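Same order as they appear, the protein sequences are chains C and R.
So the first sequence is numbered by this note's numbering: it starts at 1107 and just counts up by one.
So the second sequence is numbered by this note's numbering: it starts at 216 and just counts up by one.
Because the hints were derived from the structure by calculation, they are not lab data.
The structure presented is a predicted model; accordingly, all values stated were derived computationally and were not measured.
There may be inaccurate statements among the hints.
A few chain C residues facing chain R, derived, Cβ under 7 Å [unchecked claim]: (1) HIS1189; (2) SER1207; (3) LYS1223; (4) LEU1224; (5) LEU1228; (6) LEU1229; (7) GLU1238; (8) MET1239; (9) SER1252; (10) ASP1271; (11) ALA1297; (12) ARG1301.
Just so you know, even glycine gets a beta-carbon here, dropped at the ideal spot from N, CA and C.
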Amino acid sequence: MAGRNGKEIVIEVRDVVVGFGSHVVLDHVNLDVYRGEILGFVGGSGAGKSVLMRTIIGLLPKRGGTIKVFGVDLAAASDVQRHAIERRWGVLFQQGALFSSLTVRENLQFPIREYLKLSPRLLDELVVAKLEMVGLDPSVLAKFPSELSGGMTKRVGLARALALDPEIVFLDEPTSGLDPIGAGEFDSLIATLQRTLGLTVFMVTHDLDSLHTVCDRIAVLADHKVIAAGTMETMLASPHPWLRAYFHGKRSRAIQPDTARA
Amino acid sequence: MSDLLLHESADGGRLRIAGRGAWVAENADALEAEINAATGGNAATKHVDIDMGRVEQLDTFGAWLLERLTRGFSARGCETNVTGLKEDYRALMDEVRSVKPAQAPPRRGNALADTVAGVGKSVASVGATFVSFLNMLGAIAIALLRVLGRPRSFRFASMVHQLDNVGWRAVPIIVLITFLIGCIIAQQGIFHFRKFGADSYVVDMVGILVLRELGVLIVTIMVAGRSGSAYTAELGAMKMREEIDALRTMGFDPVEVLILPRIIALLIGVPILTFLGSMAALYGGGLVCWLYGGIDPDIYMQRLKEAISLDTFKVGMIKAPFMALVIGVVACVEGLAVKGSSESLGMQTTASVVESIFLVIVLDGLFAIFFASIGM
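Okay, chain R solo, but in the shape it has when bound (with noise of 0.2 Å):
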């Protein structure tokens, strides 16, 4: 801003200093270079006189700057006069004069210690997670046993309308995506193994891996991203809203009425959808043995009978209702942790997207280990 909003005429310990033009937010900034300068002045200066009369305009900014000026000189020591002020600002600048001086806000300590401390402090939630995963645990089972003794309480179309989400709405998606990746490990399979010969291994191959372990995990996964995430925006928003508080004041227990039905639904739906996925898989595998490595379609059906057992099936299929509980407890905990903010929303959910797919893998590496030693 090339004009001056403020001159200066100094004769002994007497200084002037005259406002001009508009004292409003647009030229703060540059009013305040001139205030800040206009008060590191001359040391010798016992009274000052502020003239205001051509200050055509004058906002908060312009009287904040204006009251910031009288004090800077006030806390020198000078005797500050402002005159001249305009009739219609006098109340903007007696409601300026009240402000008290800004505390400036507390600066962050030492930068090395602030490290170490959020490490420390996300290894100790760790394990408030983890307790308030088996408060969760233990939550579920005392609804579910309160259900079992009345069976009329039990929440039916929250469940199937779960269901239905996470279930029926699930399929083309799941069905489509492990379809394809039973297609891609078949192609990998007979371009690697045709090195050696040993094509029909394939079949082996797609077999025991599909059932045991893609199937599930991948079905798992999707359902972690697809569901879990649902289920810990739904929970938290409602925790935003109060409305978790309204059922409890009801007489009502969330667990019961919230997240039973939703976990029900995940232990009814993921087996289903490992089950289907797992047959996608096949058909998707087999499709390409037959398309890609000439492997009939009969040949196909003989050689995976022979490689793989009714265990084989049933090791992915144990493992899905488990994988379920773990989505489900990790989602409904996240989504109940949920505080004011539109941020802590986003943050929760990602949180039970991340917590529940890590779970759901280290569970079925326990899982191998488990059954590799009772010989499935």
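Chain C extracted, bound-state conformation (with noise of 0.2 Å):
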């Protein structure tokens, strides 16, 4: 279970391979995912960035190779331990993915009812508790998800993925589509909740900022593998040419260590 460092492996990936028909979009892939780290996933648009997150929380079906959460093979579990593991991770879709035709306030609460017996008075308190933790009003708790705004989506996303206190969170582009502003207060966001809830972050990113503040670690996807992971100071040394147009480029100006890290 311990892998560099001493550190905990909560997520192992070994030599996965997923497929459509003939197109294979994972080959082969290898990926540790340590307790407590937040883990920035970059790639290309279509490099199967997604494809391997749904793969690990179970939505994709995989070819071969092994994936284990918290030291289970997910694939060889029971349905008891595959569920007391689901209980401990939560998901953040791209669009958010909440139940249209649910309040704010159900959203939140569906989860928590499905797994616990909670009197109404403790629901009602830690829907608050947990909308303002992620930065929200509690006047939003009535609305429902259309009347949201694209930001607000995103938190509420984010805050039912916490409502169990999971321990592990998947982010599938957290601040895709919000403005630097709100993108830059997400990021802020999910590192404050690292922090107090000791969350272990496992983000599917465009957004080199975000990968420049907040994540301890990036794992890069390229040519249907994993092919660098470390911190930032390892990708931008790295001579690999994906990973040099990447952290290189006209847009990436911003974390070049001559500017924003002198």
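Join these two chains into a complex; the hints should help.
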């Protein structure tokens, strides 16, 4: 279980192959995620970042390899074990995936009601607490998802992902579609929540600023494999052409060591 | 949960509470009960010490309950002091401390008043729906005039595609169902008319009933359920995904692009389906008359010619396009009334089918009165 530096590995992906028809998206992918870190997962559009995330959480079948979460191989686990593990992670989908026929309050209470028997008073108080943690005012509780702005939808989605106090949170492009200020706030929100709740965060993202400001480690998916995993410094120092194009391209000037990091 | 999460010792005005074990989501229910019991205690207490040194795990649930405990004592004027909290959980407690007290969700008012208000609202909405039908009818007429002005702007490909869905693909099921209805009417007729020795009048009944009423009614009810619901769901999904707004911003009129081809497809398709359906029903009736009633096909044709006239046939066919228009307008109005949620899509689709079947039957009644008074 213990990986490099003695840190506990919470997600262990080994030789995973995923494909659709004759098209192989992930070809023998290996990846470790350590407890308590924020891992940024990057790669070109259509490279299969979301595919790996969806394979880890069990939404897509894999053709080969093993995925262990908290040391349990999900493919071999019993239904009871699987459920116990699913309860320990939360997922924020790209579009929020809030239940459109339920209010924000009901959306947040839904997972809690499903797993725990709590008094209505405690449920209501907890929902307010969760909502304030993600920086929203309790006045949105009675609204329906269609009445929320993009940023609010993401925050409510995050609150719902955090409803059961998970240990791992999967975020699929959390800052896409947000303005730079909103994205920055969301980044610091993730960092704050990671610190207060001791979360492990698996974040699929394209946002170079997020990668730079909140991610402890970065994993890069290209050519159907994870070609590199490490800190920002490792990425910037890498000679791999894709990494050079990604981290030294025109849009990455803000994160160059000689400017922002000087 | 048998292991106590809180145990108390009191001396004078000083109350000591110590938490232990795991203050996490799984134990939240048991913990809440104990916390409620603790806050409801002795009124003489002025100081409360909460020792959290033996709490091994704390999550948001536990943190909030601890916060509620301290707030409960503070509200009674006690001084509270939390000690021994692990350093890791300090940030979490700070976060929870800033949460404002929850307001209870607004509860429903008077149930009777709500019911009466609900009735009033639904009556008012009937009027509003009627107005929106008229609106749609007007919008379609305007779009039609505009298209007649410049025929090249008509979405011919889209209309053909809809006609394929609404007409061609519906033929097998509609022919099958009307055939069976024709069989059943003939069988029932023969069975009961035989008692009076009036077997041969079955042919009159089948002919007139099918051509005037049943052919068109069965077909339009099928089309309302099959294509009306599809129209509503398609337009509703487009509305939800802002496709209709996108059309508008590009300078297209959604009525002209989306609705007019659909309505025209219905106007063409439904009369054809009515004709095919009526023929299938007559065929089914004839088959049953022959096999079950012993009426020879030649005699069946002979009686049919005597019993029905061209008027009987026209009555059914004249009604078909009007019914098609009603189905199309209702389906499109309901489709555009869809709001953001998937639930509203389901509600509007249901409303579309129910309203169009209801209106088709009402319209059929009005036509019956009209044709009777002009002697057709």
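Cross-check of the supplied hints:
| no. | hint | in the structure |
| --- | --- | --- |
| 1 | HIS1189 | violated, 14 Å |
| 2 | SER1207 | holds, 3 Å |
| 3 | LYS1223 | holds, 5 Å |
| 4 | LEU1224 | holds, 6 Å |
| 5 | LEU1228 | holds, 5 Å |
| 6 | LEU1229 | violated, 10 Å |
| 7 | GLU1238 | holds, 5 Å |
| 8 | MET1239 | holds, 6 Å |
| 9 | SER1252 | holds, 2 Å |
| 10 | ASP1271 | holds, 4 Å |
| 11 | ALA1297 | violated, 11 Å |
| 12 | ARG1301 | holds, 6 Å |
Checked against the numbered hints above, the structure breaks hints 1, 6 and 11 and satisfies the rest.
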